[in-house]
Structure formats: structure tokens, C-alpha cells
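K.L.:
These protein sequences, in sequence, are chains A and B.
Counting with my numbering, you get residues 1 to 441 for the letters of the first sequence.
Counting with my numbering, you get residues 1 to 196 for the letters of the second sequence.
Worth double-checking, as some hints may not be accurate.
Computed list of lysine-lysine pairs in DSBU-like fashion (alpha-carbon distance at most 35 Å, straight line) [what the hints assert, rightly or not]:
no.	chain 1	residue 1	chain 2	residue 2
1	A	Lys279	A	Lys92
2	A	Lys292	B	Lys69
3	B	Lys69	A	Lys248
4	B	Lys23	A	Lys279
5	A	Lys252	B	Lys137
6	A	Lys252	B	Lys69
7	B	Lys23	A	Lys183
8	A	Lys232	B	Lys23
9	A	Lys248	B	Lys82
Here are a few chain A residues that face chain B, going by a calculated C-beta distance under 7 Å [as the list claims (entries may be wrong)]:
no.	residue
10	Ser201
11	Val202
12	Gln205
13	Glu208
14	Arg218
15	Lys248
16	Leu259
17	Leu261
Think of the hints as simulated: they come from the structure by calculation, not from any bench.
The beta carbon of each residue, even a glycine, is placed where N, CA and C say it ideally should be.
Below are the chains, spelled out letter by letter.
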Amino acid sequence: MAQANGNHDYVGASPPSTSVRTGPSVVYRILQALASLRFTVLLFVLTLVIVFFGTLAQKRDSLNTVLDEYFYCWLGWVDLNLISDFTQVFLKGVRLYGTDDDPGRLRIPFPGGFTIGWAMAINLVAAHIVRFKLTWKRAGIWILHAGVIVLLGGEFIRANFAIEDQMRLSEGQSSNYLFSLDKSELVFLRPAGSGSDEIVSVPGQMIENAVGGPPITRPDLPFDVEVLQYMKNTSDPARPISGPVPVKFGEKNPATAGLGLAVRLNAEKEISSIKGDRKINLPGCYVTLRDKTSGKAVGTYLFGTEIDELQPIGADGEWRAAFRLKRTYLPYSIQAIKVERINWPNTDRPKEFRSSVRVENPTTQESREVLIEMNRPLRYEGRTYYQSQMDTGGPANVTGFQVVQNPGSHIPYVACSLITFGMAFHFLIKLIDFLNRRARR
Amino acid sequence: MLVIFVAGLVLLTGCKPAPEISKYTAPHEADENDPPPDVPEDPASGERILGLIVPGHLESGKPQWWFFKMRGRPQALGRRVKPLEEFASTLKMPADEGMPTYNLPAGWVHTRSSNQFALVSIRTGHRYTPLPMDVSKAGGELAENVNRWRDQVGLKRLSVDEIPGSVREITIGDGTKAYWVDITGPGGSKPPFAKP
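If we strip away everything but chain A, and leave its shape as in the complex, we get:
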């Protein structure tokens, strides 16, 4: 019971502490804000929106473009008019704006996948620091959420560091390089002696960014590269075979040298990831090469991934150039020995695709035969070779491998194991708790 007398003005037997009770620190308050459940809900809503628009965007753009513009970026640009594509399908052809052929764009800035992913991870960690207590009863939740963070981190590593390439071999053929399906390069080659070429590779993205801008210059090259035109795709998805078209006499032609004098490439729409019929974008460009010392134009050349041919540059032809799907050379080679498609008995339906290959590595003196099947890839020197394509209709059977190099390839397994273990652990604790309470009753 409270007491009071004339000698002191406090209530109780002893005076209260003279120290001033301070509020939570600034860091703690920031963490509290970051741990907000409202913030969590907002992030889930943003995720829903970007996944929705990112999915719709695949109707018109390639998968890699969508990944770059919506998910593998900090700031995305969401095209609101993609809703028209949605209403067109689900509301009997109604479009809010534009036509199917010319949809028009209404792009707004939007948090990209990286921003949302990292915000979710921060939100989750902050919630654990501020709200969740580290007790045995909560251990399952902690493990489960750790699994979610590992999963997000794994996807971030995949987005930034994983490389997916291709290798294509006809029976008997050997190759020592991989090629990318979504990256291109303008390469300049000259003989470097002892059966090798010196190669200067200019990334296709750099060529695309240099249109109308200052020339690309490099000390290793005797000329500067001025990009006049870049075509993101020159392959018409509607035509089974497309490619260079002969130039007609009198037709306006930017090329003044090389194959471009005789042929041109048509700029086509970018191939959509869902309508592309498994085709890929084949870019091309017109570039003017200028002599570094004199500044005079060596010539304006047409290059394109559909022109898979080295063109001699200038009169001496010491340098040759080509625009092609980006190559990665390997210190070993792979030879297709036998390429097989096995059908189900008495049908044309494929049961199995398999390729017998020989791996020849001069560094390790290795020469061994390996069988690659649908679910039995070859793992070699940090790369995994999956059987992904097979063409058995032509004069020689052709096999295609998807070659993946992903430093975080095992992270999803770890993450899923943690999540499963966390859920099971949490369920077990709750079950024991329930059984104990029932026993006490």
C-alpha cells in the first residue's frame, strides 16, 4: 500500500531511481520499422505485381529480356499496358490501349526483383532481431526462416554468377567452345602464330549501347568501331528459315565493304519467350571501321549472328571479323561419338535421348568416354552438361547440350532442407506441447 508523509514526496518505502528511462536506440527503432508486418505485406503485394507483369511481358519479350528488366535488376520498368494483353484474352478481345501488333508501351519505374528480394530478407532478419525470441519453442521457425533467406541468397547468386551456355555437335564432330543463346560478341581475329588466333571480343551489349554514340576504341585494334545500326533480332519467327537477303541493285545500302555489299539482314521483332517456337534472337549490326591513325573509314560492314562467317577487314585482310553468339573457349574438347534417339517400341515417340562423348583434356592427359542421358548429365571442371536437344532428321545426328556453371547450384537443396527441417521441427514441438497439455487435463 502506498505511504506518504511530510518528509518525502514519493510513494513507497524507498525513493524511485533517479536515472532517466531512455527509449530504444536509433538502430533498434530502424530495425523495428524494417520488421514491420505492414512492410512484409507490402513486399508480398509488390512481389505479386511484378510476377504478374513479368509473366505477361513474356508474351512479347524474350525470357532473358524479362529477367533483366523485371527480376534481375534493382529498378524495373513495368509496362502497365500489358494489362491490355491480359484483358484481350480474358475479356473477349478488349484492349485498353493499342493493338495486338502495335501494343504501345506505358512504362513506369517499379522496384525490381533484387530490391524486393533483399527487402524481404532484411524484413525477415529485422523481425527476428526485434520480435522473435530465440527459444527452443521457436527454433523451428528460426530454421525455416533461415532456409528462406538462404533460398533468396541462392537466387541472387544464380542471377549474378550462373552462366548457361550451349554446345552443339554432330556425330563425329569435336568442339572446344561453348556458345551463349542470349549474349553476342563482335570479334576481331588475326593470326597469332603456332596455330592460334588473337581475338579481341566486343560484347554485343556494348555494340547496342554505342549506336549513334562515340566510337568504341581499343589499343589492341588498329581501327575504331562506329556503330551505325543495331538490330536486336534478324530472325523472323514466322519463317522456318530466315537469313541474309540479296541486296537489289539501287537499293539503299549502308554497307561499303564485305558481305553487306551483297546481302542485308532484316530487323525483326524480338522473339517472345512464349511465342518464339524455341527460336532465339539473332542480332546484327552495321558498323563503320575507322583507321586509328588516319581516321579514314576502312569500310562499313554488315555483321550478324546469321552470317556465321569471318569477313576480311581492309585490303590486307590481316584482321577478320564476325558477329556471333558469345563463345567461351574450354581447355579441353568434347567429341560426339554416338548420338542416339530411342523410341518407344512401334512408335515415333522418343523414349530416350543419349550421347556418347569423348572428353579430351591435353592438360591432364585425360581421354575418356562418357554417356550423357536425359537425367544423367556430365559434370566436368565445374560445368554440368545436360542433354537438351537432339536432331536426328538430317544427314548426321546432331546433339545439343545445355552447359551450366552455377556456383550456387547446391544452395536450393540446402534451403529446401532447412525449410523442411524447420517445419517438421516446429510441428513436432507443437505436437509435444499439445500432448503434454492433454496429459495434464
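Since the structure of chain A is already known, use the hints to place chain B on it.
P.N.:
Just chain B, lined up with the frame of chain A:
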């Protein structure tokens, strides 16, 4: 924990490198060995036929003629004169109804028959501007066959006496006497019922 998390964030942020020009060495890549492509020529420059007419085996006392014919624009065919000479120097005719044998000049490759009369077609140009040389066989007189080609390039027909002056006699690989035909006209044979 927060420190580790922030450090991880800082380390990973912006790890994706911007595209850069790179330089490396790789095994030498051989050229395609295709001849340079043919640039478009003014249709007003006319049409040219370059080819060989070689007598083959006799049928009812008359020779079956072998034709090795290219038809196209004048400059494009001008670049094929030397390869055709090289081709002719290796050409050997069959004794019976078989096919002639020959060596193809650099960059020339066999291709699918370009028309229903061609027994064999040989691509003589770059793969983007292929100009086939058709190999075919027919009877008739030399003058008839030369005049047929003259019709095709829009030249007036010649009399039998004038024909030897319009072709050049050469000796092919097996010693056979053959006729080198190189004619240029305004182009385009027209069907007989077409308006002049």
C-alpha cells in the same frame, strides 16, 4: 548477425560485371573458302551466258551435247572465266552414257539441281549469292543449241555459217575439242506470244 548480413549485401551488390572488351587467344579458325559474294548489278547491263558445249557419245550418228552453263549478270560471270578455264582443263568426257568427270575449282561445290533439265548443278559463287553452273545433255546441232542460248540473253539468231565465229574452240582435259560460249545480250528471252 546484422553486420554479417549487411557485409553480405555490400559484397554481393553490383557484383555482376559490366560488359567489357576482352582479348584472348584461341585455336586458329579457318576461312569458309567461299568466293566473294556477287554484288548487285544494274539490270541494264544485260545478261550473259558463260559455258561449254562439249560433244559426247554418238546416238544415231549424231553427237549428244553436254552443256556446262552459267547464266547471270556480266560482271559476276566475268569473275568465273578463270575458274571455268580451270574446270575445262580437268574435264573428261565419258565413253558411254556415264557422267563426265572433273575437278572443281576452289570454292565451287555440288548443289541440288537448280532446274528440271540439270543432271548436276555446281554452286560457283558465295553461298549467299549462289550462281549455279548446270550440267545437262541434249541432242541437236551445235547451231541450234548456240542459238537457243542466244535467245535466252536476247541476241539475234545466227546462221549455221556464223556460229563458228561466235564460239571459241578449246581443248578440254581429255583432249576433246569443245566450244567455249561467252555471250552477252540485253537479256531475258521472251515467249513467242509476248508483245515486242
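K.L.:
Hints first: check each against the structure and report whether it holds.
P.N.:
Quick rundown of the hints versus the structure:
Distance restraint check for Lys279/A and Lys92/A: the Cα-Cα separation of roughly 29 Å lies within the 35 Å cut-off, and the hinted pair is therefore satisfied. A C-alpha spacing of about 46 Å is found between Lys292/A and Lys69/B, which places the hinted pair above 35 Å, so the restraint is violated. Using a Cα cut-off of 35 Å, the hinted pair Lys69/B and Lys248/A holds, with the two alpha carbons roughly 24 Å apart. Distance restraint check for Lys23/B and Lys279/A: the Cα-Cα separation of roughly 30 Å lies within the 35 Å cut-off, and the hinted pair is therefore satisfied.
This hinted pair does not check out: Lys252/A and Lys137/B have alpha carbons roughly 41 Å apart, beyond 35 Å. Using a Cα cut-off of 35 Å, the hinted pair Lys252/A and Lys69/B holds, with the two alpha carbons roughly 32 Å apart. Note on Lys23/B and Lys183/A: the hinted pairing holds, with a Cα-Cα distance of about 17 Å set against a maximum of 35 Å. At roughly 24 Å between alpha-carbon atoms, Lys232/A and Lys23/B fall within 35 Å of each other, so this suggested pair holds.
The suggested pairing of Lys248/A with Lys82/B holds, with an alpha-carbon distance near 26 Å, which does not exceed 35 Å. The beta carbon of Ser201/A comes within 5 Å of a beta carbon in chain B, closer than 7 Å, and the hint placing it at the interface holds. Against a cut-off of 7 Å between C-beta atoms, the interface hint on Val202/A holds, since the closest Cβ of chain B lies about 5 Å away. Because the beta carbon of Gln205/A sits about 5 Å from the nearest beta carbon in chain B, less than 7 Å, this interface hint is met.
The interface hint given for Glu208/A is broken, as the beta carbon of that residue sits about 10 Å from the closest beta carbon of chain B, more than 7 Å. For Arg218/A, the shortest C-beta to C-beta distance to chain B is roughly 5 Å, which falls under 7 Å, so the interface hint holds. Taking 7 Å as the C-beta contact cut-off toward chain B, the hint placing Lys248/A at the interface holds, the least distance being around 6 Å. At a threshold of 7 Å, the smallest CB-CB gap from Leu259/A to chain B is about 6 Å, leaving the interface hint in force.
Because the closest C-beta pair between Leu261/A and chain B is about 5 Å apart, less than 7 Å, the hint holds.
When the structure is compared with the earlier hints, violations turn up for hints 2, 5 and 13 and for no others.
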